[in-house]
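Asks: Sequence:
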Amino acid sequence: MKTITIPFILSIAILAVGMGFAYAHFANLDAQVILHFDASLGPDYVGDAQDVFLIILSGMGIALINFLLARALRDREQFLPTVLSISSIFISSLILIATFVIISNNWYTIPINEWVLMQRIVLMKSGKYSYY
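Going by my numbering, the first residue of the sequence shown is number 6, and it counts up by one from there.
Treat the hints loosely; a few may be bogus.
[As the list claims (entries may be wrong)] Across the chosen pairs, the derived CB separations fall in these ranges:
1. L34 with S98: 36 to 42 angstroms
2. D35 with I102: 21 to 27 angstroms
3. P48 with L85: 38 to 44 angstroms
4. T8 with D49: 39 to 45 angstroms
5. V127 with V51: 27 to 33 angstroms
6. A21 with I91: 48 to 54 angstroms
7. V127 with D53: 31 to 37 angstroms
8. K130 with D35: 27 to 33 angstroms
9. A32 with S92: 27 to 33 angstroms
10. A29 with L99: 16 to 22 angstroms
11. S109 with S131: 24 to 30 angstroms
12. D35 with F105: 35 to 41 angstroms
13. D35 with G66: 32 to 38 angstroms
14. T8 with N33: 39 to 45 angstroms
Just so you know, the hints here were simulated from the structure itself, not pulled from any lab data.
Each residue gets a CB set at the ideal place from its N, CA and C atoms; glycine is no exception.
Build out the structure end to end from the sequences listed, making use of the hints.
Replies: Given below as structure tokens:
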């Protein structure tokens, strides 16, 4: 029982970390955010900031379905529940990476405090900071 429960708890914890970062960056943002960035075409999928939360919630749904399937199958065999638990960790890790990529692609839409903004303006005027 513990061998399949612990990976699912880890999977939910990974997604909770992603939810925390997404909430910290997109909670009060009403602007459109870039959800997918293609290297040759640029941003090709734009959506609301709330779509980032839906991505994470879908990952939690996948982890929950995998957990329920693993519990239903644990009496018959041990291999498939193990595969489901490991795949949940893998999927949760990929969703966490995708959340970090979305945050990094949208750094300019994230509200920053005035002190940081003033420091950037001072550095830009002095030539020590640029966006390129």
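Asks: A separate judgement is required for each hint: does it hold in the structure or not?
Replies: Here is what the structure says about each hint:
no.: 1; hint: L34 with S98: 36 to 42 angstroms; verdict: violated (25 angstroms)
no.: 2; hint: D35 with I102: 21 to 27 angstroms; verdict: holds (26 angstroms)
no.: 3; hint: P48 with L85: 38 to 44 angstroms; verdict: holds (40 angstroms)
no.: 4; hint: T8 with D49: 39 to 45 angstroms; verdict: holds (42 angstroms)
no.: 5; hint: V127 with V51: 27 to 33 angstroms; verdict: holds (32 angstroms)
no.: 6; hint: A21 with I91: 48 to 54 angstroms; verdict: violated (19 angstroms)
no.: 7; hint: V127 with D53: 31 to 37 angstroms; verdict: holds (33 angstroms)
no.: 8; hint: K130 with D35: 27 to 33 angstroms; verdict: holds (30 angstroms)
no.: 9; hint: A32 with S92: 27 to 33 angstroms; verdict: holds (30 angstroms)
no.: 10; hint: A29 with L99: 16 to 22 angstroms; verdict: holds (20 angstroms)
no.: 11; hint: S109 with S131: 24 to 30 angstroms; verdict: holds (26 angstroms)
no.: 12; hint: D35 with F105: 35 to 41 angstroms; verdict: violated (22 angstroms)
no.: 13; hint: D35 with G66: 32 to 38 angstroms; verdict: violated (26 angstroms)
no.: 14; hint: T8 with N33: 39 to 45 angstroms; verdict: holds (41 angstroms)
Hint compliance for this structure: hints 1, 6, 12, 13 are broken, all remaining hints hold.
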